[in-house]
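Work out the full structure, taking the sequences as your base and the hints as a guide.
Just so you know, the sequences run in chain order X and A.
Under my numbering, the letters of the first sequence match residues 1 to 163, in that order.
Under my numbering, the letters of the second sequence match residues 164 to 583, in that order.
Straight line, CA to CA, 30 angstroms or less: simulated DSSO-like cross-link-like pairs of lysine-lysine: (1) A:Lys207 <-> A:Lys189; (2) A:Lys250 <-> X:Lys159; (3) X:Lys31 <-> A:Lys207; (4) A:Lys219 <-> X:Lys159; (5) A:Lys249 <-> X:Lys159; (6) A:Lys250 <-> X:Lys31; (7) A:Lys236 <-> X:Lys50; (8) X:Lys159 <-> A:Lys214; (9) X:Lys159 <-> A:Lys207; (10) A:Lys242 <-> A:Lys219; (11) X:Lys31 <-> A:Lys214; (12) X:Lys159 <-> A:Lys189; (13) X:Lys48 <-> A:Lys236; (14) X:Lys50 <-> A:Lys207; (15) A:Lys233 <-> X:Lys31; (16) X:Lys159 <-> A:Lys318; (17) A:Lys242 <-> X:Lys31.
Just so you know, these hints were derived from the structure itself, not from any lab.
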Amino acid sequence: MIIQGKVWHYGDNVDTDVIIPARYLNTADPKELAVHCMEDIDPTFAGKVKPGDLIVAGRNFGCGSSREHAPVAIKACGVPCIIAASFARIFYRNAINIGLPLIELGEAAAEIKAGDSLKVDLALGQVENVTSGKTYRVQPLPGFIRDIAAAGGLINYVKGEKA
Amino acid sequence: MGMTMTEKIFARHAGLETVTPGQLIKCRLDLVLGNDITAPPAIKEFDRIGKPVFDKDKIALVPDHFTPNKDIKSAEMAKAMREFAKKHAITHYFEVGRMGIEHVLLPEVGLVAPGELIIGADSHTCTYGALGAFATGVGSTDMGAAMATGDTWFKVPSSIKVELTGKLPRWVGGKDVVLTLIGMIGVDGARYQSLEFTGEGVGQLTMTDRLTIANMAIEAGAKNGIFPVDAITKAYVEPRVKRPYTAVSADPDAHYERTISIDLSKLTPVVALPHLPENVKPVSEMAVTTIDQVVIGSCTNGRIEDLAQAAEIFAGHEVHPNVRAIIIPGSQAVYLEAMAKGYIEIFIKAGAVVSTPTCGPCLGGHMGILAAGERAVATTNRNFRGRMGHVDSEIYLAGPAVAAASAILGRIAAPGEVSA
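Below is the structure:
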């Protein structure tokens, strides 16, 4: 799958409270959550994000609460993939489990700017910054984490195991 | 090569002789936990699998976040969890009136034992490492799958050794230890890693101190925080846990990525400034910082010893006229003990509010939401932007002694500043 989109850029330690504040956690409906996605860090995001746009961030993206509502809200906004220098571990698990691809790019993530146009080839493991002309290689997922991602998430993977 | 405590628990639950950091493994689970926010989506995922629950005695469901329910939507979520618990005859469902804040409640009622492996759809599940268990937070899909299969996958983490020496001075507690540690290593300083506490200083820490410290391992990005099993652990566990369990200890030649040393006797009361738990500063170095609200409670500091500290400071004093003080015992048992010991009367006479157990204000749910521009001192665990209410409010994290002193003086204050 090739993803092409515009970059929404955020800094280090974006926590799950700002991705989806707890005042909206009285529902788990992805559409309702999407309306408030990123509200406490960027109130313009939910209204302006277009399907296919990408989020690029610094270190420790998704730290804090284990709320799966955070990657669910981002996915429901039509964001097909998140790129960050690094991810907090529960967020990482949750995103893989719900079938939202993540790319850990280390320090190179800082070279990507807001508004840049990116082309991501997940199968090939490559991120191309069309705006800057730079291309980055992505480490493939290890072992059965790759299998969970390939199944489109943990539930499909578990159902497949049972069969 | 020898193994750490976490590696030993993983090996045993994966049916392997040894495991090494980075290895991907599947482990059987001793307990799977969820709450009124995380369990409803987990139940939806569970239903998609189409299997019965793996063990009705090894699932714990605690409605503690938005309960007693704050609105219709949260009542619907609590109802979904209640109906699931009935349908599957879940043994450890705790109704409002019997529940407590999950991470105060589960160790208290004996659902956590040394050497066990526990996942919970709540990031502060790492609290149970205080008892020498491996426990970590996961999301709802992991919880839903685990309720069906009884196992889950892990990447074996590398470990950081936290060597504790000395004895805590008066008015310095577990919260000051863990905030100091997070200040040293940062909010991602232990990301994907295990924090293993060790050293003769551990023996000086009460179980309440250990629970507070392990609780905030996640605030350094850690997968878990774990304490050795000693006489203090056994004294806590023995009256509570009736099933057999196998405690583990680290091998002398276990490998640690690095060692961090903390001399407990050198610590002072600290606060974490907005908007990250790593922004740690001694209270003695704070400029005059007036406050609007104090919250004492939460899965971090809602235990009886926490309330005892607060009561000792509140006794004979009044909450400052500009401050709302909200005190939340972490469980019904804590509440009853606080009543029996006279703490509740001290709090109410001082002008504080005492609430039934709930996570409530910690996550900006209910029972103490902040308005724009307001500032709180809280014994909770996160001071992220907007966590307790308006995006332009501020949270200063502290232990119960600092929180109580601040409530009385109307500004961030050290316990010693309140006259006896």
